[in-house]
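Peer 1: Following the hints, complete the assembly by docking chains B and C onto the known chain A.
Residue numbers (the numbering used here), protein chains in the order written: chain A, 1 to 196; chain B, 1 to 89; chain C, 1 to 93.
I should point out that these hints are in silico values taken from the structure, not numbers from a laboratory. Treat the numbers as computed from the prediction; the structure is a model and nothing was measured.
The following label-pair restraints were derived from C-beta to C-beta distances:
hint, chain 1, residue 1, chain 2, residue 2, range
1, A, Arg-151, C, Gly-44, 41 to 47 Å
2, B, Val-37, A, Glu-98, 19 to 25 Å
3, B, Gly-7, A, Asp-37, 43 to 49 Å
4, A, Gly-42, C, Gly-44, 18 to 24 Å
5, A, Pro-9, B, Val-18, 30 to 36 Å
6, C, Gly-44, B, Gly-70, 43 to 49 Å
7, C, Ala-81, B, Glu-52, 19 to 25 Å
8, A, Thr-186, C, Gly-44, 34 to 40 Å
9, C, Glu-90, B, Gly-70, 48 to 54 Å
Sample of chain B residues with no beta-carbon within 10 Å of chain C, all distances over it, derived:
hint, residue
10, Ala-5
11, Trp-31
12, Arg-62
13, Thr-64
14, His-82
15, Leu-85
16, Val-87
Beta carbons: idealized from backbone N, C-alpha and C, even for Gly.
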Amino acid sequence: MSDDHGSSPISARVRHVEALLESRGLLSDGEIDTRIDEFAAGGTPANGARVVARAWVDPGFRDRLLADANAALPEVGLSMAGGLQEQRLKVVANGPDEHHVLVCTLCSCYPIALLGPSPSWYKSEAYRSRVVRDPRSVLAEFGVALPAATRIAVWDASAESRYMVLPRRPEGTADLDEDGLAALVTRKGLIGTALV
Amino acid sequence: MTAFAPGDRVRTRTVDPVGHTRLPRYARGAWGTVVQVAGSHPLADDRARGLEVQPQPVYHVRFTAADLFGTGDHTVTVELWHDHLEVPA
Amino acid sequence: MSRINDVGGMAGFPAIVEEPDEPRFHEDWEAHVFALNGALIKRGIYNLDEFRDAQERLPVAQFLGSSYYERWFAAITTLLAEKGVATPEELAP
Numbered sequence: 001m002s003d004d005h006g007s008s009p010i011s012a013r014v015r016h017v018e019a020l021l022e023s024r025g026l027l028s029d030g031e032i033d034t035r036i037d038e039f040a041a042g043g044t045p046a047n048g049a050r051v052v053a054r055a056w057v058d059p060g061f062r063d064r065l066l067a068d069a070n071a072a073l074p075e076v077g078l079s080m081a082g083g084l085q086e087q088r089l090k091v092v093a094n095g096p097d098e099h100h101v102l103v104c105t106l107c108s109c110y111p112i113a114l115l116g117p118s119p120s121w122y123k124s125e126a127y128r129s130r131v132v133r134d135p136r137s138v139l140a141e142f143g144v145a146l147p148a149a150t151r152i153a154v155w156d157a158s159a160e161s162r163y164m165v166l167p168r169r170p171e172g173t174a175d176l177d178e179d180g181l182a183a184l185v186t187r188k189g190l191i192g193t194a195l196v
Numbered sequence: 001m002t003a004f005a006p007g008d009r010v011r012t013r014t015v016d017p018v019g020h021t022r023l024p025r026y027a028r029g030a031w032g033t034v035v036q037v038a039g040s041h042p043l044a045d046d047r048a049r050g051l052e053v054q055p056q057p058v059y060h061v062r063f064t065a066a067d068l069f070g071t072g073d074h075t076v077t078v079e080l081w082h083d084h085l086e087v088p089a
Numbered sequence: 001m002s003r004i005n006d007v008g009g010m011a012g013f014p015a016i017v018e019e020p021d022e023p024r025f026h027e028d029w030e031a032h033v034f035a036l037n038g039a040l041i042k043r044g045i046y047n048l049d050e051f052r053d054a055q056e057r058l059p060v061a062q063f064l065g066s067s068y069y070e071r072w073f074a075a076i077t078t079l080l081a082e083k084g085v086a087t088p089e090e091l092a093p
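If we strip away everything but chain A, and leave its shape as in the complex, we get (with noise of 0.2 Å):
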């Protein structure tokens, strides 16, 4: 893939600036498509969910995960360890009466270990100067329709935590091993723009 870096005017930049580095001795032969490579075999929402199902079927582990979620991943053989730092996680629940959502308004703060790469709508200014400010429209708008006393709850990942909604469990799922409960979360169900 590294090869063919395409042929548009910013295609070349980088790859000059790669080159000049390379040439530096600031990047090693091959580091950048290791890193790539690394990346690709990383997060992806599949582990949030798997993180969701285990909850839903062990009370236990979903007290452990709200009480401290970086001591309660191991469990399902996740970490946040694998990004530049430890990120501290906060899962937040959503319940009869409160729904989470998330954001990052300055930046694109995400929990990429457990969501794999944020989509274009979480990145973009419409959706963080939004969100804030209307979140039930912003929810409406994503199919999310609201009882109105239920209470929303906002969180901007601002510093150097990251969240994950919760979702709840829906109706009907009872004869669903965790693979099969796992199988229904959704990346929007984990970030609060879906009900699961």
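Peer 2: Relative to chain A, chains B and C alone:
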């Protein structure tokens, strides 16, 4: 420095810094409630200026939309460093 | 003074658009910019907050006219010049 604790009412500073800051404009000069202490980190505002500084407490501070925007029935929880908050007299 | 990245509560941006089946990167060079930034931070050439700062102080018109990874690349080259790694002339192809 006396750290704040969950339940404390705090007011963010009204400062309008020249450089990088993690205190969003919409949350300046606003009253909120500390809901959690979230560890201790060097202030990003200083790190962005290349300064080596000591860690300080970081808090999850919850604001009502009404206090931030004069409208709305939701809450917004912002993660702020100790230096983003006014020191009680 | 508030910067162009600080958009919470601001009016006037277009509608939120979802892209179905969005790829990790839309162009190969974006993946390279992403990896380049990680490598330079790991090497201590600059830190993550300096990187964010460098994006935030791009000229507003350039910031708003640039895509996500175009901003990243502009910040990277700004910092490489400011840190004395290379001159702006050397950084241009």
